[in-house]
Amino acid sequence: MTEPILEIRNLCKSFGAVVASEEVSLDLRPGEIHALIGPNGAGKSTLIKQIAGNIAPDSGSILFEGRDVTALDTVARARLGLGRTFQISSLAMGLTVLQNAVLGALGRRGRVFRFFRPVMRDRALLDAARDALQQVGLEDFAAWRTADLSHGQRRQLEVAVALTLKPRVFLMDEPMAGLGAEGSLRLTGFLNELRHEAPILLVEHDMDAVFALADRISVLVYGKVIATGTGDEIRANPEVRRAYLGEEDAA
Amino acid sequence: MRREPLINAAILAVLLAVPLWAWWTDEPFTITLATRVVILALAGVGLNLALGLGGMVSFGHAMFFGIGGYAMGILASQAQDYEPLMEWPILIEGTKSMPVIWLTAIVFSALGALAVGALSLRTTGVYFIMITLAFGQMFYYFAISWPAYGGEDGLSIYVRNEFPGLNTLDPIQFFALCFAILLAVLFFMSRLAKSAFGLALVAARQNQERVQTVGIGVYRLRLAAFTISGAITGLAGALFADLNRFVSPTMFSWQTSGEIMVFVILGGVGRLYGPVAGAALFIVLENVLGGLSEYWHIYLGALLLGVVLFARGGLIGLLAGREVAHD
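As given, the protein sequences belong to chains X and C, one line each in that order.
The opening residue of the first sequence carries number 1 in the working numbering; numbering runs sequentially from there.
The opening residue of the second sequence carries number 252 in the working numbering; numbering runs sequentially from there.
Just so you know, these hints were derived from the structure itself, not from any lab.
Quick reminder that beta carbons are idealized off the backbone N, C-alpha and C, glycines included.
There may be inaccurate statements among the hints.
Said to hold, decoys possible - Not close to chain X: a few residues of chain C, all C-beta gaps over 12 Å, as computed:
#, residue
1, LEU362
2, GLU413
3, GLN457
4, GLU460
What the hints assert, rightly or not - In silico negatives: residues of chain X with every beta carbon more than 12 Å from chain C:
#, residue
5, GLU3
6, PHE15
7, LEU26
8, ALA71
9, ASP73
10, ARG79
11, PHE86
12, ASP127
13, GLY137
14, GLU158
15, GLY180
16, ARG216
17, TYR222
18, ARG235
Stated by the list, open to error - Straight-line alpha carbon distances no greater than 20 Å define the calculated EDC-like cross-link-like pairs of lysine to aspartate or glutamate that follow:
#, chain 1, residue 1, chain 2, residue 2
19, C, LYS347, C, GLU334
20, C, LYS445, X, ASP73
21, C, LYS445, X, ASP127
22, X, LYS49, C, GLU334
23, X, LYS166, C, GLU334
Same shape as in the complex, but just chain X (with noise of 0.2 Å):
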């Protein structure tokens, strides 16, 4: 058995009276795509938050690389190598395709009180970039600005910024939400070969992506893991069955 890169230890979150992580454990080893679905209202939004530092747990642990994470915010798991994409695009808008990625590999590479020297000008950074923009396919919109991209070009974009930060961890979520048919597919492809250079968390509505790619899944059904396991294991769970996949289609 592997080490597992991140490892989440009985994590409980409630709002009030809404319980929205029940006892969650669940780990993620190197080279693998772990899948987190669940339906709407599951708490899988908010078990991100907490995984990436936003929001902090009411009592159980989250560890990376063997280290307890649980108190830094997320600035410092950043700088650890958490690499997270989000559910709504999150870009600075005003500026170019271009900067955001740079800005990323300027958070990748830190040393970020320099003034007088042109970032922009930088050629560490910009080969950085640009090659994390090729990657997603948005090589020919670097000079546009970030605002004037479709909806799906932002969401390539949220990959490629994260890409630039080479982290040691990928939490996306729903990196396909309106990618549209043909993007979906691009993106699993690429996902598919991503999962090499670090392995990924991935939140995600689109079920053929899910059981295309996943290694393990978890399903997440009122703030609890309700199984985990292979695709055909969840596929035939029948508690799952019975509260996500539906009992007609789950064939």
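Start from chain X and add chain C according to the hints.
Relative to chain X, chain C alone:
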């Protein structure tokens, strides 16, 4: 093609040509007005770093303007009275040397901005505006109630301070000095806006979450910007006091904070030369409309309303069009 650099160059050319012409025709009052524009523009350039690039709406920048002013006032008044500032544990004497005064103004306004920013930047939005306003007022009332340096009446300096190799009492020479400082600071700002720091600062204004997600802490970024911003406005304060040879608590007042903000908004928030255009327009209006009516602020208010409603990029935005992202 991009028009903004051309417009910027034109603004500088006019700002240089007017006092030169006034010097030629022997109109020292106009030179003094132009010097006022330059110094107030510098104060605005300082604020523009916090407000325009960083998105920090500081309603307390008068405190740095005032700190700079009092740095000059205290040092120069001690020097003209031949009284040392302190004798123990080390002897510190007053000075009439501009470079020393500027350095003092920069250091103390930067320290002030660091302290005020460290507390204020824990808040955002309206709370940030109110807390910076509150700090500014604290300084204002402190200056009023501090009898050692003139209290409410302020401090007069009989002779303008000295700069090696220049006769600073000659209006055109003092103008040239202030203009050179403005140019240097504008150059620094143009570099800063395109630097790694500038990119992260602007990105944090547009989307704080994005910057944090790539592992860059936003608080330290903003605190650094606020500190530099305060230091520049502080330097402007020292020059302003030297121009008038007078310092008073008014420099600390919230009206002064408001005026500096008006320069930035009139000229164009976040535009490098916005505060220059804004300060120039303000002084021209003050002198043209002020001659027509004592209540010229009514027209200024209407103009400001128009800018905020219809021309968000201010004067520069109106002339140069939408902001182009840096290359």
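Going through the hints against the structure:
Distance to chain X confirms C:LEU362 as a non-interface residue, since its nearest Cβ pair spans about 18 Å, more than 12 Å. The non-interface label for C:GLU413 is consistent with chain X: the shortest C-beta to C-beta separation is roughly 31 Å, beyond 12 Å. Annotated as non-interface, C:GLN457 brings its C-beta within 12 Å of a C-beta of chain X; the closest such distance is 4 Å. Distance check on C:GLU460: its Cβ comes as close as 5 Å (rounded) to a Cβ of chain X, failing to clear the 12 Å threshold; non-interface status is violated.
Residue placement check: X:GLU3 keeps its beta carbon more than 12 Å from all beta carbons of chain C (closest about 24 Å). The non-interface label for X:PHE15 is consistent with chain C: the shortest C-beta to C-beta separation is roughly 20 Å, beyond 12 Å. Distance check on X:LEU26: its Cβ is at least 22 Å (rounded) from any Cβ of chain C, clearing the 12 Å threshold; non-interface status holds. Interface exclusion of X:ALA71 from chain C stands, the closest Cβ pair being 16 Å apart, more than 12 Å.
Annotated as non-interface, X:ASP73 brings its C-beta within 12 Å of a C-beta of chain C; the closest such distance is 8 Å. Distance check on X:ARG79: its Cβ comes as close as 4 Å (rounded) to a Cβ of chain C, failing to clear the 12 Å threshold; non-interface status is violated. With a least CB separation of 8 Å from chain C, X:PHE86 falls inside the 12 Å interface cut-off, contrary to its annotation. The Cβ of X:ASP127 sits about 15 Å from the closest Cβ of chain C, beyond the 12 Å cut-off, so the non-interface label holds.
No Cβ of chain C approaches the Cβ of X:GLY137 within 12 Å, the least distance being about 21 Å, so the stated non-interface status holds. The Cβ of X:GLU158 sits about 9 Å from the closest Cβ of chain C, inside the 12 Å cut-off, so the non-interface label is violated. No Cβ of chain C approaches the Cβ of X:GLY180 within 12 Å, the least distance being about 24 Å, so the stated non-interface status holds. With a closest Cβ-Cβ approach of about 25 Å to chain C, X:ARG216 is found to remain outside the 12 Å limit, as its non-interface label requires.
Every C-beta of chain C lies more than 12 Å from that of X:TYR222, the closest at about 27 Å, which supports listing it as non-interface. The claim that X:ARG235 is not at the interface with chain C holds, since no C-beta of that chain comes within 12 Å of its own (minimum 34 Å). Between C:LYS347 and C:GLU334 the CA atoms are separated by roughly 13 Å; this keeps the pair inside 20 Å, and the hint holds. Straight-line distance between C-alpha atoms of C:LYS445 and X:ASP73 comes to about 28 Å, which puts the hinted pair past the 20 Å bound.
Taking the CA atoms of C:LYS445 and X:ASP127, the gap is near 18 Å; set against the 20 Å cutoff, the hint holds. The suggested pairing of X:LYS49 with C:GLU334 is violated, with an alpha-carbon distance near 62 Å, which exceeds 20 Å. Between X:LYS166 and C:GLU334, the direct Cα distance comes to roughly 62 Å. Violation of the 20 Å bound is thereby established for this hinted pair.
In summary, the numbered hints that this structure violates are 3, 4, 9, 10, 11, 14, 20, 22, 23.
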